[in-house]
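Participant: The listed protein sequences correspond, in order, to chains H and A. Quick note: the first sequence, position 512, residue 512 per UniProt numbering, numbers continuous. Quick note: the second sequence, position 411, residue 411 per UniProt numbering, numbers continuous.
For the record, the hints were derived by calculation from the structure and aren't laboratory data. Accuracy of the hints is not assured; some may be wrong.
Coverage of chain A stretches by chain H, computed from C-beta distances (three or more under 8 Å per stretch; other residues unrestricted) [as the list claims (entries may be wrong)]:
1. 188-194
2. 198-204
3. 262-270
4. 276-284
5. 322-328
6. 432-444
7. 463-476
A virtual CB, placed ideally from N, CA and C, is assigned to each residue, including glycine.
Protein chains: 2
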Amino acid sequence: MEWVTIVDPPPSTTFYAEYQNTGPGSTVDQRIKWADYRSSIPEADAGKFTVKDEQQGGWIRMYPLPGADMRRFVIGSARNLLHRSHQNSLFQRPLLSSSYRLLSSSPSADPSSSSSSTMAHPVALNNINPKVLECEYAVRGEIVTLAQKLQEEIKAKPESHPFEEILYCNIGNPQSLGQQPITFFREVLALCDHPAILDKSETQGLFSADSIERAWQILDQIPGRATGAYSHSQGVKGLRDAIAAGIEARDGFPADPNDIFLTDGASPAVHMMMQLLIRSEKDGILCPIPQYPLYSASIALHGGSLVPYYLDEATGWGLEVSELKKQLETARSKGITVRALVVINPGNPTGQLLAEENQKAIVEFCKQEGLVLLADEVYQENVYVPEKKFHSFKKVSRSMGYGEKDISLVSFQSVSKGYYGECGKRGGYMEVTGFGADVREQIYKVASVNLCSNISGQILASLVMSPPKVGDESYESYSAERDGILSSLARRAKTLEDAFNKLEGVKCNKAEGAMYLFPRIELPEKAIKAAEAAKKAPDAYYCQRLLTATGIVFVPGSGFGQVPGTWHFRCTILPQEEKIPSVVSRLTDFHKSFMDEFRGLV
Amino acid sequence: MEWVTIVDPPPSTTFYAEYQNTGPGSTVDQRIKWADYRSSIPEADAGKFTVKDEQQGGWIRMYPLPGADMRRFVIGSARNLLHRSHQNSLFQRPLLSSSYRLLSSSPSADPSSSSSSTMAHPVALNNINPKVLECEYAVRGEIVTLAQKLQEEIKAKPESHPFEEILYCNIGNPQSLGQQPITFFREVLALCDHPAILDKSETQGLFSADSIERAWQILDQIPGRATGAYSHSQGVKGLRDAIAAGIEARDGFPADPNDIFLTDGASPAVHMMMQLLIRSEKDGILCPIPQYPLYSASIALHGGSLVPYYLDEATGWGLEVSELKKQLETARSKGITVRALVVINPGNPTGQLLAEENQKAIVEFCKQEGLVLLADEVYQENVYVPEKKFHSFKKVSRSMGYGEKDISLVSFQSVSKGYYGECGKRGGYMEVTGFGADVREQIYKVASVNLCSNISGQILASLVMSPPKVGDESYESYSAERDGILSSLARRAKTLEDAFNKLEGVKCNKAEGAMYLFPRIELPEKAIKAAEAAKKAPDAYYCQRLLTATGIVFVPGSGFGQVPGTWHFRCTILPQEEKIPSVVSRLTDFHKSFMDEFRGLV
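The following block holds chain H by itself, in its conformation from the complex (with noise of 0.2 Å):
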């Protein structure tokens, strides 16, 4: 018997109970008005919206009536309302992670961290922009903080836990786990910083030839060769030229250098795309469950409705059209207007990459039902597959005859992931397409608001679409940095892929591409009662007894969203080829132990 309550709703709203009963792949919704549960709360609990879920496996959605003004009490900012009073891993919020917050709690609930601040400052929880608090970000959550704090223990006094050091493999960030940048790269990027260097005799000594005669040539497209300058809202005209001139080689179709909008990373590209589609919480955005949370984030803090359609793990993560549209469907029926399909190729966190022919039909259902395709292609370059091959949308759109007046399709690339995994010079770019000119004006104003992306990363984001080519001077160590850093990928992704397998209850679809394995793993009923115990979703409490007695940090499932009654976790393929075998033995290891303890009935 499990509890949820939600304290002091208002008091004269009607809400809706929406079971999911799950069993993988189900959806059946249940409907079930807030009087007629109501009717079967205990006296001592009147004022409070109190729920029972007797449906295991299942979750809970609650909100008023449609039209009301909360209208989105729990996926919107209300939510923070929710109080697990009996805390129930299977109460599970489908797109985020595990920590419930509360803004008006009962005196005994968490008083050291709120109540002093409240009193003394004018801004606190309960008077905060409800967006912030409904976002969440999962890579970088509670275990995360949970990892940096056993760091700073492990420095402080270096016995103080069964391993030397913390490994992170809870976020794509290769160049922090060891991998090196590409030469060519970073000699361009150090004399741009520093162009007084440039015809000094002693640079040619350092720098290789092609590198020096490229910095030239970038600096030639900025006016004033001023680095330091802010350029043009969309990034320097030159840059978006060489950016164009490689997508053109990659697709085979021409783009426009004013369609190239450089920004910090794709992060802040997303979120100017979500900016400009949502309206309000009836706007909502199809996006893939599991999906990466700057996605569910994003349209948390705009205020949007993430729409999910589930990616089938029985076929190594494929996206059906079928099931796009039933979930279109769906939400058209519940009133909310889809502006947007979301579609992350190669996968994150599945790995997995779309074959053309599925890609022709997402861009056929986009085309019919009006929706913006938005393509995360940020891990283009991570293919690891010889038997397939990425293609973008834009290439797949053209090559079906759609153009402008066609497909409004907005490709989002980065220069954090890739081979070159330059993750903190923020580099980045989106390229809109299928625009009228009023609304691509709306996208540069916006842009412009903030000034322009930093220098560094764009002219990053023009050299990862221009590498150097056969016959530079840099071209052979170039594409042998390139290699062996691809190459290597894809021989941690099969270890790490093996290796899950191997594992107990651990089943591990294969990593095509990207920089993730998103492994499913079956937990005894024991270690769910476990995780009940300690306020846990199961795969969360998995991830934690993982990092505690390992240092390997890995992101429990629940943060991308996962099918009901499911649990996963997702773990990078980034730890140095030599820390490989550590890490599959520390992991196993653990594994073994971890399902030795809860073994046997409850």
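For chain H, the structure is supplied; the task is to place chain A on it using the hints.
Facilitator: Frame of chain H, contents of chain A only:
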């Protein structure tokens, strides 16, 4: 007789029309109910909301009854329904620039720009986020678009205009106008970008010894020396340590590195705070008028209300606490919850520097009224008057004995300004003090969604707060570069100020700091009529004529806000010193011929 028309108002809504009668300084509000207006409208205009403005020199705002769904009819999204069927320059939106946009327009109104896109694309002006439409950003607005067009024309055909180049005085972008970066800073950045050269012997010949030493120090503070890795969401801890030490040295009061959030320039930090504080249009932010339009843009994007307070031009743009109190009360009487006070010191666009006593009164006001003090201190190094000194609001509040518990204070700093002017590097930080741990956690979470700011910008932010010291090898050259830039800026400010004050009908306050002058211009009645005929605000008309005649880009005062009925423009003091005489003579000649053209009676 002037007309303002709203096409297709929601039929069942009751409007107020709010008039403001203005002479400079006077703010008499008059509210007239829509129904009373309605009776005076000719039958041909039925179905429109038409307001006749017969009050010369005044301005109008219109909105439905408070509490109605579309309460912010004009201030908010529906303002975009506004159609000025007969252009009236005296109808002045106090905070916004001069272009109106039309959502659902009569067929005659500019069918080319929007109709084709509306048909072909799912995203059109009438279905994007109205907050995006609402937002305006004048310093990269219409006048800059025109300047870019002229620049392209000159490039294509050098003799096409009576000037050889466009002189961008619209934006504080020093290096775009030839200012050179500080050598030491760039040396360190280059070395951190390409650490592989740090221990090469040639490097000793190219870089100063202390830049090499500093680069090592910085790299040692970055885990794995990985400048290509995402950092902590608030920025690299060691760099925050350096910044905190710099703040301590500046203020004489302690600073905590955990209070520092490194950001891509100051703009994202401002957005972050607006995002945190603004829940709806009922939340207001007190902003100076004139203001830097980042604030109006950010408030619009986050759906809040800008509560204006006027700086007193007559007393050198004085900031009177009595004016703050008056505007706070007015806003509260309208049901606005005022959350924060924005103070820009030194002022943008006004250039004034606040006296310490004045700052104390402001701190006291915020404390008493429970307002967050948002202190834009990005021009802290830009002070040109020896008798005045910059004091940070943190120092002032600490010197009053106010600590964490007493005042919520956010200070913004940027690498784009000061003597460094590194706009393209997008570095900056905010120091967040006086917030509870729970709210701080929320700020951290929002910072995490974008992972981190760019590392070069982070490094640079630490460098500007800890530049070379006496005894360091680079100190002499560093301080010579710094002093050269600052003293030249002071001379340029004075020369331009004097030049403006010599122009007929122009009055310019002393530039005490920052990078701008904001002179007031009295325009002849005939020029105002000509502006009306050209469908421009008079100051926008003047700036456009100046641009097409001389190539000099100023921003009209209407982009920053000004006392209704007064006209200004903002001009940066950044053209290189050798160009200043030519700027002055081109401006003087233009102004004389402009005034001659419009001299005499209408």
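Participant: If a hint holds in the structure, say so; if it doesn't, say that too.
Facilitator: Going through the hints against the structure:
Under the rule that three or more residues need a Cβ within less than 8 Å of chain H, the assignment of the segment 188-194 of chain A holds, with 5 such residues. With 3 residues carrying a beta carbon less than 8 Å from a beta carbon of chain H, the segment 198-204 of chain A meets the three-residue requirement, and the given coverage holds. Chain H is given as covering the segment 262-270 of chain A, and this holds because 4 residues of the stretch bring a CB closer than 8 Å to a CB of that chain, at least three being needed. A count of 4 residues in the segment 276-284 of chain A with a Cβ less than 8 Å from any Cβ of chain H is obtained; the coverage claim is therefore met, three being the minimum.
With a threshold of 8 Å between beta carbons, the proposed coverage of the segment 322-328 of chain A by chain H is violated, since 0 of its residues qualify and at least three are required. Counting residues of the segment 432-444 of chain A whose C-beta lies closer than 8 Å to any C-beta of chain H gives 7; at least three are required, and the coverage claim holds. Note: the segment 463-476 of chain A has 0 residues with beta-carbon separation from chain H under 8 Å; the three-residue rule is not met and the coverage is violated.
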